[in-house]
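Enquirer: Given next are the chains, with one letter for each unit.
Number of protein chains: 2
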Amino acid sequence: MHILIIGAAGMVGRKLSAALAAAGQVGGRQITRLTLADVVAPAPVEFAGGMETATADLSAPGAAASLVAARPDLVFHLAAIVSGEAEADFDKGYRVNLDGFRLLLEAIRHEGGKAPYVPRLVFTSSIAVFGAPFPEAIGDEFHSTPLTSYGTQKAIDELLLNDYSRRGFVDGIGIRLPTIVIRPGKPNLAASGFFSNILREPLVGQEAVLPVGRDVRHWFASPRAAVGFLLHAAQLDTARLGWRRSLSAPGLSATVGEEIEALRRVAGERAVRLIREVPDEKIAAMVAGWPRNFEARRARELGFMAEASMDEIIRAHIEDELGGRIGL
Amino acid sequence: MHILIIGAAGMVGRKLSAALAAAGQVGGRQITRLTLADVVAPAPVEFAGGMETATADLSAPGAAASLVAARPDLVFHLAAIVSGEAEADFDKGYRVNLDGFRLLLEAIRHEGGKAPYVPRLVFTSSIAVFGAPFPEAIGDEFHSTPLTSYGTQKAIDELLLNDYSRRGFVDGIGIRLPTIVIRPGKPNLAASGFFSNILREPLVGQEAVLPVGRDVRHWFASPRAAVGFLLHAAQLDTARLGWRRSLSAPGLSATVGEEIEALRRVAGERAVRLIREVPDEKIAAMVAGWPRNFEARRARELGFMAEASMDEIIRAHIEDELGGRIGL
Numbered sequence: 000m001h002i003l004i005i006g007a008a009g010m011v012g013r014k015l016s017a018a019l020a021a022a023g024q025v026g027g028r029q030i031t032r033l034t035l036a037d038v039v040a041p042a043p044v045e046f047a048g049g050m051e052t053a054t055a056d057l058s059a060p061g062a063a064a065s066l067v068a069a070r071p072d073l074v075f076h077l078a079a080i081v082s083g084e085a086e087a088d089f090d091k092g093y094r095v096n097l098d099g100f101r102l103l104l105e106a107i108r109h110e111g112g113k114a115p116y117v118p119r120l121v122f123t124s125s126i127a128v129f130g131a132p133f134p135e136a137i138g139d140e141f142h143s144t145p146l147t148s149y150g151t152q153k154a155i156d157e158l159l160l161n162d163y164s165r166r167g168f169v170d171g172i173g174i175r176l177p178t179i180v181i182r183p184g185k186p187n188l189a190a191s192g193f194f195s196n197i198l199r200e201p202l203v204g205q206e207a208v209l210p211v212g213r214d215v216r217h218w219f220a221s222p223r224a225a226v227g228f229l230l231h232a233a234q235l236d237t238a239r240l241g242w243r244r245s246l247s248a249p250g251l252s253a254t255v256g257e258e259i260e261a262l263r264r265v266a267g268e269r270a271v272r273l274i275r276e277v278p279d280e281k282i283a284a285m286v287a288g289w290p291r292n293f294e295a296r297r298a299r300e301l302g303f304m305a306e307a308s309m310d311e312i313i314r315a316h317i318e319d320e321l322g323g324r325i326g327l
Numbered sequence: 000m001h002i003l004i005i006g007a008a009g010m011v012g013r014k015l016s017a018a019l020a021a022a023g024q025v026g027g028r029q030i031t032r033l034t035l036a037d038v039v040a041p042a043p044v045e046f047a048g049g050m051e052t053a054t055a056d057l058s059a060p061g062a063a064a065s066l067v068a069a070r071p072d073l074v075f076h077l078a079a080i081v082s083g084e085a086e087a088d089f090d091k092g093y094r095v096n097l098d099g100f101r102l103l104l105e106a107i108r109h110e111g112g113k114a115p116y117v118p119r120l121v122f123t124s125s126i127a128v129f130g131a132p133f134p135e136a137i138g139d140e141f142h143s144t145p146l147t148s149y150g151t152q153k154a155i156d157e158l159l160l161n162d163y164s165r166r167g168f169v170d171g172i173g174i175r176l177p178t179i180v181i182r183p184g185k186p187n188l189a190a191s192g193f194f195s196n197i198l199r200e201p202l203v204g205q206e207a208v209l210p211v212g213r214d215v216r217h218w219f220a221s222p223r224a225a226v227g228f229l230l231h232a233a234q235l236d237t238a239r240l241g242w243r244r245s246l247s248a249p250g251l252s253a254t255v256g257e258e259i260e261a262l263r264r265v266a267g268e269r270a271v272r273l274i275r276e277v278p279d280e281k282i283a284a285m286v287a288g289w290p291r292n293f294e295a296r297r298a299r300e301l302g303f304m305a306e307a308s309m310d311e312i313i314r315a316h317i318e319d320e321l322g323g324r325i326g327l
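Going line by line, the protein sequences match chains R and D. Read the first sequence against numbering that gives the first Met the number 0 and you will find it ends at 327, with the numbers running on by one and no gaps. Read the second sequence against numbering that gives the first Met the number 0 and you will find it ends at 327, with the numbers running on by one and no gaps.
Okay, chain R solo, but in the shape it has when bound:
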């Protein structure tokens, strides 16, 4: 089978590309060709079959059609302008996150108009489709009332994915990813960055800043779990979804205090002492509007799996990013 990954240069895209290349198959079907696309050239991965990289901006005229012309059997769409940038640049957010996705759907539909073609399309949505006020644990039938343009664009994409699937143009499935922890790399300016920073930095002997209280609760999954969701979505029997093609992925609801206790158990008191509490009211106010917990019953029943403890999440990071060793 031929797989196209759009957004292959991002953190999840790189891990997914590597996982697919290493497995060589999806759901028992051999991968013969792997196309890695992004707005910046994705790094190639080691792969026994055919591998190619493509630089493409989906929102540019003809770009989607050209990617789809090779009729990939399975398409992952991970690309997005992130929350902060979509809020700062209104036009760019809508152009990439909404129009880009719609152009991809249209390209697939028109390709199918030439000769039968209904690829599986795995779309990464986000818990940002939900906006406060919400219940302590958000259920599978709770409405989408996003409080960001990014969340709005993702919620619209989910509706389009549903309708194009119902009409038989594509075989879509959307996964609302939890906040990814521990995000590898350097601390970034994302408001949610501290959830990762307070674990990742101490594990390599660096200080990290905690801008909110220890009672703040949020919804997490590891990068490894996120890749697992996408691979599971790629081979799921979508008839089980009916016409509700998007799902809140399972995850772990944990407080900052629970993150810190897990860090203490896995890496000791010395690591915990590297967390510096510097309250930031602006960040605290933003975080207060974020989801804290999900039921995710549907996704669990469909076989999606996430970590059951913060200890597991930290250990996954140590294995996948630190070669199994804490760098304290």
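Heads up, some of the hints might be wrong.
As the list makes no split between identical chains, a pair holds if one copy fits it or if it spans any two.
Claimed, not checked - Straight-line distance between alpha carbons at most 35 Å, and here's what the computed DSBU-like set of lysine-lysine pairs gives: (1) Lys281 to Lys113; (2) Lys113 to Lys91; (3) Lys185 to Lys113; (4) Lys281 to Lys185; (5) Lys14 to Lys185.
Derived by calculation from the structure, the hints in this document are not laboratory data.
Fit chain D to the known structure of chain R by using the hints.
Expert: Okay, now just chain D, sitting in the frame of chain R:
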């Protein structure tokens, strides 16, 4: 104030235009200018102030900008490709119902970029944003999982209306209208037409066909109530909505049997005998997927009002359409 009605040639648009022209004011502000726009030329209404009609297809380049250039204070957007046509012509439905609405929002945003301008925008959404399975009474926080392209387009429009309002580009409010009963005019081919036909036709001595069982339950409001919703939305303090700018309007949950009993009370046995039961399994199957009841708690708390009985709905029709006399 200057009011623009887009979709003024439709059934609700005509009644709304006439109501505004007759009242001469909205929320105590005098109406000085009334612009009636539609894809076909709307009939002028009798109005003491400035009145003009415009033929415009919102999805055509420049059309929205040209309507908005006069900077109306209040815009009603009622125009849509209806459910059946949006399902039959995929491109047309998306072009008019999604792109047309987005072009209107963009035109308002760009007009506001020249000099401050944030008009009130009243948008008619639909209960078609909901798709089965749903609870017996749909609550205000139930998710949108439409089962038609029309419902998808309306759900997307609601998300856009929210985001453009949150960003301060427009002051939007969306009203999800119940099925309108009694729809004036001739029987049409809409699958939902029988809900009106079995009341309207017997009231003028004509036969009507009932294709489903008497236990079928659905969600109704009169044309008079629909106009009332839009007028109330035009003057509501939208701060009370927060960033959840769309509402399920109140209505009446009633069975076909209850429609028939109300007809018997208002117009007698002779009217009821004109209903011919001709079961149609295809229509029955479609109707089984439609909403039956809504809580509409938010809308009621915000002062939206609908009829409390089918008798009232029938009497409103007799007053508004039959000059107060049953034509049996």
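Enquirer: Now look at each hint and say whether the structure bears it out.
Expert: To see whether the hints hold, each was checked on the structure:
no. : hint             : result
1   : Lys281 to Lys113 : between (53 Å within a copy, 31 Å between copies)
2   : Lys113 to Lys91  : both (31 Å within a copy, 20 Å between copies)
3   : Lys185 to Lys113 : neither (46 Å within a copy, 41 Å between copies)
4   : Lys281 to Lys185 : within (22 Å within a copy, 59 Å between copies)
5   : Lys14 to Lys185  : within (17 Å within a copy, 61 Å between copies)
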